[in-house]
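So the sequences go chain by chain: A and B. First residue of the first sequence? That's -8 in this note's numbering, and the numbers climb one at a time after it. First residue of the second sequence? That's -8 in this note's numbering, and the numbers climb one at a time after it.
All copies of an identical chain are treated as equivalent in the list; a pair is satisfied when it fits inside any one copy or across any two copies.
Mimicking DSS-like on lysine-lysine, the simulated pairs with C-alpha atoms at most 30 Å apart in a straight line are:
1. K36 x K67
2. K67 x K54
3. K165 x K67
4. K165 x K36
No lab work stands behind these hints, which were simulated from the structure alone.
2 protein chains.
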Amino acid sequence: MTDFQRDLIPEPALRRLPWYLAYVTLLRERGDEFVSSTQISRELKVDASQIAKDLSLLDIRGKTRIGYEVPLLEHKLEEFLGFRRSHRAVVVGAGSLGKALMQDSGLSRYGLNIVAAFDTDPALAGMSYGGIPVYPVGEMTARVKEAGATVGIITVPVEHAQSTADALVEAGVKALWNFTPFRLSANDGVIISNTSIYAHLAVMYNRMESGK
Amino acid sequence: MTDFQRDLIPEPALRRLPWYLAYVTLLRERGDEFVSSTQISRELKVDASQIAKDLSLLDIRGKTRIGYEVPLLEHKLEEFLGFRRSHRAVVVGAGSLGKALMQDSGLSRYGLNIVAAFDTDPALAGMSYGGIPVYPVGEMTARVKEAGATVGIITVPVEHAQSTADALVEAGVKALWNFTPFRLSANDGVIISNTSIYAHLAVMYNRMESGK
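Whole structure, please, built from the sequences with the hints as guidance.
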């Protein structure tokens, strides 16, 4: 990767690009050589001009009437989305969700390398899940620094969310991936990504009730 | 619950309300009796007038200078968000994420009652996780209908996402909760909620690279 400061890409584009990637990976697996934005548009129900605009963010050009080379497009998408670099991460809270993330081999394909987990339960210390060791939470600061982890994944009960976030930032992580429904606050320089699955439920229920 | 057709609440409000709920639940657990929108605003860094506007969606009134009764506000938020009704759901794909969802006791507190799971792996049929049985995927249609499940949770590998969605809709579910990065399509009446955790990673990485 080049090391210039990258531009802030609008979030809607960053949310669409992984759809294209998932589709292009399917095409590569079934041996397709080329794909056009029209074909992606038809399959994913996204406007073709929107797709062409999104893909113009990448350093790739399609060929007239043939489209993009599938393996190259997959590679460029992965690179652009940061999935080909390794980001060191720790999990705090080795409950069912924390364990599932540790065991999800998919995350490393998406550039997330979980190196350690922490929990307050002494019975969990010494265990490992998906090959990732669990340590007592008291060792967190030292181990995060030692490992040079930049991402802290928060899967603790909601009442410990903010104090966990504070401790992770203090230990040096640059980004918090918050799976609790609590709205965290942190210094300006810290990135917070909220993935509260419960909030998604509220939206889904409302759409179901209102008949869409 | 009343059975009138509910209004379509704007998604940003539906995403903020669970933050208020998580905070109000904390307050109730620590024994606080009243909370004002000013206090919520200070704690969650959301504009106080925005909070007042969001809470005006609920059938509740705060008292001047005292604010809202904490247990009542919690109850009204849970009710409004659909968390106090039971929505029957099935999980398709009992891999690490599927199992984690089955074992997550939090989901039932948020109104989601997972009644069965399905997997193509014959070794998983007959197992149960968090008390929820796993069945062969061939039994899906019959069991979804029998259970009257309205929500289908998709945690299969990406190449099976669309065919799983089609089968769930055919079996009668009204909403699909898609955890794969694939962009599903379905008939107009079907609600699709996308929770691709990998898409969140792309946004987080970009924010980290660009120095926020």
